[in-house]
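**Q** Residues per chain are reported as follows:
4 protein chains.
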Amino acid sequence: MDTTVGGNKRVRRAYGFDEVALVPGPLVIDPRDVDISWTLGGIRFDIPLLAAALDGAVNPKLAAQMSKLGGLAVLNLDGIQTRYEDAEAILQAIADAPADGVIQFIQDLYAKEAIKPELIARRVRQIKELGGIAAVSAAPHTAKAAGMAAVEAGADLFFIQSTVGSVRFESTRIAAFDVAGFVKESPIPVIVGNTVGYAATKELMEAGAAGVLVGVGPGHICTSRKVLGIGVPQITATADCAAARDDYHAATGRYVPIITDGGIRNGGDIAKAIAAGADAVMLGSTIAAAAEAPAPGYSWGMATSSADLPRGTRIKVGTSGTLQEILFGPAHKDDGTMNLMGALRLSMGSLGAHNLKEMQQAEMMVAPSLPNEGKALQRAQGVG
Amino acid sequence: MDTTVGGNKRVRRAYGFDEVALVPGPLVIDPRDVDISWTLGGIRFDIPLLAAALDGAVNPKLAAQMSKLGGLAVLNLDGIQTRYEDAEAILQAIADAPADGVIQFIQDLYAKEAIKPELIARRVRQIKELGGIAAVSAAPHTAKAAGMAAVEAGADLFFIQSTVGSVRFESTRIAAFDVAGFVKESPIPVIVGNTVGYAATKELMEAGAAGVLVGVGPGHICTSRKVLGIGVPQITATADCAAARDDYHAATGRYVPIITDGGIRNGGDIAKAIAAGADAVMLGSTIAAAAEAPAPGYSWGMATSSADLPRGTRIKVGTSGTLQEILFGPAHKDDGTMNLMGALRLSMGSLGAHNLKEMQQAEMMVAPSLPNEGKALQRAQGVG
Amino acid sequence: MDTTVGGNKRVRRAYGFDEVALVPGPLVIDPRDVDISWTLGGIRFDIPLLAAALDGAVNPKLAAQMSKLGGLAVLNLDGIQTRYEDAEAILQAIADAPADGVIQFIQDLYAKEAIKPELIARRVRQIKELGGIAAVSAAPHTAKAAGMAAVEAGADLFFIQSTVGSVRFESTRIAAFDVAGFVKESPIPVIVGNTVGYAATKELMEAGAAGVLVGVGPGHICTSRKVLGIGVPQITATADCAAARDDYHAATGRYVPIITDGGIRNGGDIAKAIAAGADAVMLGSTIAAAAEAPAPGYSWGMATSSADLPRGTRIKVGTSGTLQEILFGPAHKDDGTMNLMGALRLSMGSLGAHNLKEMQQAEMMVAPSLPNEGKALQRAQGVG
Amino acid sequence: MDTTVGGNKRVRRAYGFDEVALVPGPLVIDPRDVDISWTLGGIRFDIPLLAAALDGAVNPKLAAQMSKLGGLAVLNLDGIQTRYEDAEAILQAIADAPADGVIQFIQDLYAKEAIKPELIARRVRQIKELGGIAAVSAAPHTAKAAGMAAVEAGADLFFIQSTVGSVRFESTRIAAFDVAGFVKESPIPVIVGNTVGYAATKELMEAGAAGVLVGVGPGHICTSRKVLGIGVPQITATADCAAARDDYHAATGRYVPIITDGGIRNGGDIAKAIAAGADAVMLGSTIAAAAEAPAPGYSWGMATSSADLPRGTRIKVGTSGTLQEILFGPAHKDDGTMNLMGALRLSMGSLGAHNLKEMQQAEMMVAPSLPNEGKALQRAQGVG
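Residue numbers (our numbering), protein chains in the order written: chain Z, 1 to 384; chain S, 1 to 384; chain C, 1 to 384; chain Y, 1 to 384.
You may find that some hints are simply not true.
Any copy will do: because identical chains look the same in the list, a pair fits if it lies in one copy or spans two.
[What the hints assert, rightly or not] Computed cross-link-like contacts, DSS-like style, restricted to lysine-lysine with a CA-CA straight-line distance of at most 30 angstroms:
| no. | residue 1 | residue 2 |
| --- | --- | --- |
| 1 | 112 | 68 |
| 2 | 144 | 357 |
| 3 | 333 | 184 |
| 4 | 112 | 357 |
| 5 | 61 | 128 |
| 6 | 316 | 333 |
| 7 | 61 | 144 |
| 8 | 333 | 116 |
| 9 | 333 | 112 |
Please keep in mind that the hints were generated in silico from the structure rather than gathered at the bench.
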């Protein structure tokens, strides 16, 4: 199972979505009977799908709509929404900017205006007023101030997110962010990420996290692997963290769900993530392609705005349909980006899984999607 | 042989057509002496090739022609032929429809008209009148009614096909389809599919199936893997099911052939499928490219017409030659899509296999077709 | 080392040129001191390179030129040269034919005229008169008649070649070709191919072959893998046959060289073939790209002319330089297709191999050439 | 861990940059606290980055600038700078030459003028006068004469570089270059390369090398793998040589740093090289893309000028920014080619590595970057 790449350098083989496939067994269940609900921070959700805290994916209106449909959207507290009063105009400007120089354009917009506590409060209240569950996300260094403002305004769930989230942080210059302390003091549940690996996940759970976001560097709008060399394919990352969750649960009786975040493109990836052990999945670009998305047709990552080392750019995601159609269909495309929950139900039914816990036990095979097979298809379609 | 993708998630490596190659040994046999006949449901066929129950591949005329040439074509009872009196006009309309919006066009056509028992009967009688063997296919939920009409009209073989076929089906809303009961009551042999896996195959054989269709999600006109995450590469699927067939045969004395269905593009794939353990193969797009095919130059899958979750689209397959040329040549192309049976004979002869049972024992290697090698060839041909 | 693809189907992993690389060690030798000579059928050659018996690669003039340069060219006795008096005009016509329909054009030309013993004799005499070593090749079913004519005209070496060459051949319709008998009666050394695998190679050596051609289906102008499913990557094929050669040598004291034939594109492939165990290599398309080649700029395989099942087409190979430049440089391209022997010498020197026998022991690694790396390069060159 | 490719040919699997990824653990460090300094030949450098001795990458001015920024640039003593007084004009001519025939154009320019000791001295003095550390590189056969001239002019470090560098060299025609003798007599530290493999590295260290360059054939402007079949992917090469360094250090107490040279394209590759065991990395094309580079926008390898067997061509590298921006940012691109040292610091911090020695122990996984994933991204960006 493990080998060396040379000398004494030991490695494991890691797997991504495109390298595995799910395998039906002898039992098939009516998709309508499949239970895809789950619980995060004491709140029960009808569907195991979160919209990622990207400026191009989530604004207060979309967050409320997502709640209505049974899922959860997370609002980014470090982005445009909390820096600019008229966020929609800025988002439109980013969508309209020419591709050439767009990274610097984004860098400048994020640098020019500071995060404003009153805007944090306003965005949270907007979500609540529209009837949504208010989940918000901040980086560790802004979490304290942002958290206070958000909680006071009525936020329900707090996400702390950084490129690599961890309990232990060393610095000679700034005070280390104390995850356990923050969680203890927070009146609302705190979900922490992003992480990979058994040990880091377990430490976050021991620090009191109500949920853990899994995924470092695998997303489509993220170039961490090219820039930093860091990036664990999501099937392996999810399976490793699921093992930590199960062991922590067995030892303490507390069940902390893990959410696979990054790189998910279609219904097949969602089914695979859960079969690898995830309790839910987080989507970015796919949600940014909803008709209701804040930056029509475009998305960019949290690290795109980094002043000195951007890891991602603005990508065109197009518009595939309404949020309702993306989640529940009907689909008029066959690429797996529409009716995601219908696809998950049919996948689980076909695999004989009554609920998400059983889906986590579904049979999986290593089955690379061959370049040639894709090409054969393209040729047949007159595309390639 | 098996490993984990991370944590405790155990997996096996699965293989597709493009990842294996056949290996000649010290014996070569005259291709003309090779026996490629086989038996399904008590009927002996000269060639181990079935035309898939796709609306773009099989109509009564093609079915009769296929019988004449020694093979078997299966007519889809859930499609255009049994919904529309003038099926040919509808099929032509699908072929003529613009690519943009074609999925919805197909969805609408399949939704607008119900399946009519009198059309089922008429199609079966048309095949018989033209001298063909009448093999028909229905989904489990239409199988009872369709089966009665087809049998009365003189059908010879009945196929029950769904995305994932199985003996055990659970639903709180509809009565489960009783495979064993259906088979027992059916006056004609029943072939069931599609399936993968040792256990599911054995259960279908124990339920009385006269044949088992192998293949979930690997076809060219099928996007199950993207939409559902489900899809087992055909070499592995075939070898697993062949093991179940052999064990079932050893235990009961009854030999139930397995038919590899999906993803086969050329003579090489046919040879590989049989070497992996198949008794016969089922082809879709390749047959849809026959001059006699019902929807000139186009094909689409059974799941393309799904109202809320289409898994496939219409693809252009072109027209490669007459059915006679596709099956027996002469070929004037070198891509393996013509003279399929000549290719199978030459392959078996080159591998020293006197018949299909010996071909199932042919030596196979894992030998990926490298993207670079393909490109080198394309460059040389001035294509890429 | 071996595994199963599923069920009970056991397989080995096979490797092609693009999947391996050679590894330098602590000793470097002056390339000019490297000995690359070898012996076939009692004749010593300065360079381990043969031109393949393709109509687009070898005519009498090129054969003589190849001898002069220290190598060996094999003339096809089943092709245009022995069917047409004015072969050059026919070859030019094939080169000039439009791509569309070229396979049928070739099929017709090979079918229209029979092989003529007097032309066989004339071609052999032409080679001898030009001072060359006359090596000729025929298929088993034409070998007897062709052999007689060629030997009488003064041929030096006789090659028997078929898609899969073997000692044991079964037919109820034609008499089996008796390899051992033919070899025994032949007054000149007989080289047999093509083969792969330890057992088949050993049987050919035991039947008296003076050399064995290794390679079934890996060539660039050959589509056996697509048509028949047959094809063993050349590194594995060569290493397997080399083991048979070494065991046969140890047991009998007779050393029968093996020649890797098919799929070799550049100096790197030549070095790898020898490091895998080959005594020499056979090139087709690369030689067809010589300024002296018979069909300016084009090549096609022996199986392209098959009347009912062509496995290959005419490909454009261009013209890269004179035979002298291709073999010994100077090269003004960096793609490894020029100065092949200079490259082999430098490769052997860099690997510390004094001669071909030592080169067969060079360290090899499995090191796939990644598609992404190629693309990075193309991008940098402004190509992709 | 090792297997055979067939017969008795044993091989190891080797890995390149694109096949591995780094894995964060539970500790994160402030990037500003990370120590990335190292020592070569007794000189301490702030950053572990060398500019390769390519004519398109390094001239005296760039070398001085590189020193100022904390790194080291190596000047090629066998190239244009020491053959032509007005080197800049020649370099500009190479940059301006049409792509067609550029290899021969380069071959001619390098052949026409000999290396001149007075130009060697002048280039060294230019670097020193500009305040730089003068590191120079020569091939073994020119090392003696060049070394003398360079040392007299005040050179600080001497590099001996050939395609495959080794202690043992055999020739019947020229005197073998005595590495140990040269090192002993040299008044300045001598770094030797390029090499791969445990044994060769250890011998170079035992011969007194002050540093070893790792990498044979993996670079972007190098086609050694195609021409010679030689080429070891850099992750494996680095890990093997690092093991030799560590064992040599344990046995002798002398620490000889290894420098990974070739194939590095971005910050991610730098991080991976060090995690594989490198003490520093050498970059070519990336430095040639600096605004200060000698041949604006172009680069070519040392082996491009080979008179009879060029292994590389001129490639367009473009201009990405100033050397300062390439090394320290700010980056306005997300492809990992800008702010390389910022990226390394962030990568190390994210992996919990305080310094380069700890980074060498970072967790690595085998995690291929799948072609499909890349394509998905390109599609999204409207590129592919």
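**Q** When no copy is specified for residue 112 and residue 68, does a C-alpha distance of 30 angstroms or less occur within a copy, between copies, both, or neither?
**A** neither (35 angstroms within a copy, 32 angstroms between copies)
**Q** Could you place residue 333 and residue 112 in one of the four classes (within, between, both, neither) given a Cα distance threshold of 30 angstroms?
**A** For residue 333 and residue 112, only the inter-copy Cα distance (19 angstroms) is at most 30 angstroms; the intra-copy one is 41 angstroms.
**Q** Regarding residue 316 and residue 333, is the shortest C-alpha distance of 30 angstroms or less found within a copy, between copies, in both, or in neither?
**A** both (18 angstroms within a copy, 17 angstroms between copies)
**Q** For the identical chains here, do residue 112 and residue 357 meet the 30 angstroms Cα criterion within one copy, between copies, both, or neither?
**A** neither (46 angstroms within a copy, 39 angstroms between copies)
**Q** Give the relationship of residue 61 and residue 128 under a CA distance limit of 30 angstroms: within one copy only, between copies only, both, or neither.
**A** within (10 angstroms within a copy, 62 angstroms between copies)
**Q** How do residue 333 and residue 116 come out at 30 angstroms by Cα distance, when the copy is not named: within, between, both, or neither?
**A** The answer is between: 28 angstroms across copies meets 30 angstroms, while 42 angstroms in one copy does not.
**Q** Which holds for residue 333 with residue 184 at a C-alpha limit of 30 angstroms: within a copy, between copies, both or neither?
**A** Cα proximity of residue 333 and residue 184: none, with 46 angstroms in one copy and 40 angstroms across.
**Q** Between the shortest in-copy and the shortest cross-copy C-alpha distance, which are at most 30 angstroms for residue 61 and residue 144: within, between, both, or neither?
**A** within (25 angstroms within a copy, 49 angstroms between copies)
**Q** Is it within, between, both or neither when you check residue 144 against residue 357 at 30 angstroms Cα-Cα?
**A** neither (34 angstroms within a copy, 35 angstroms between copies)
In summary, the structure is inconsistent with hints 1, 2, 3, 4 from the numbered list given earlier, while agreeing with the others.
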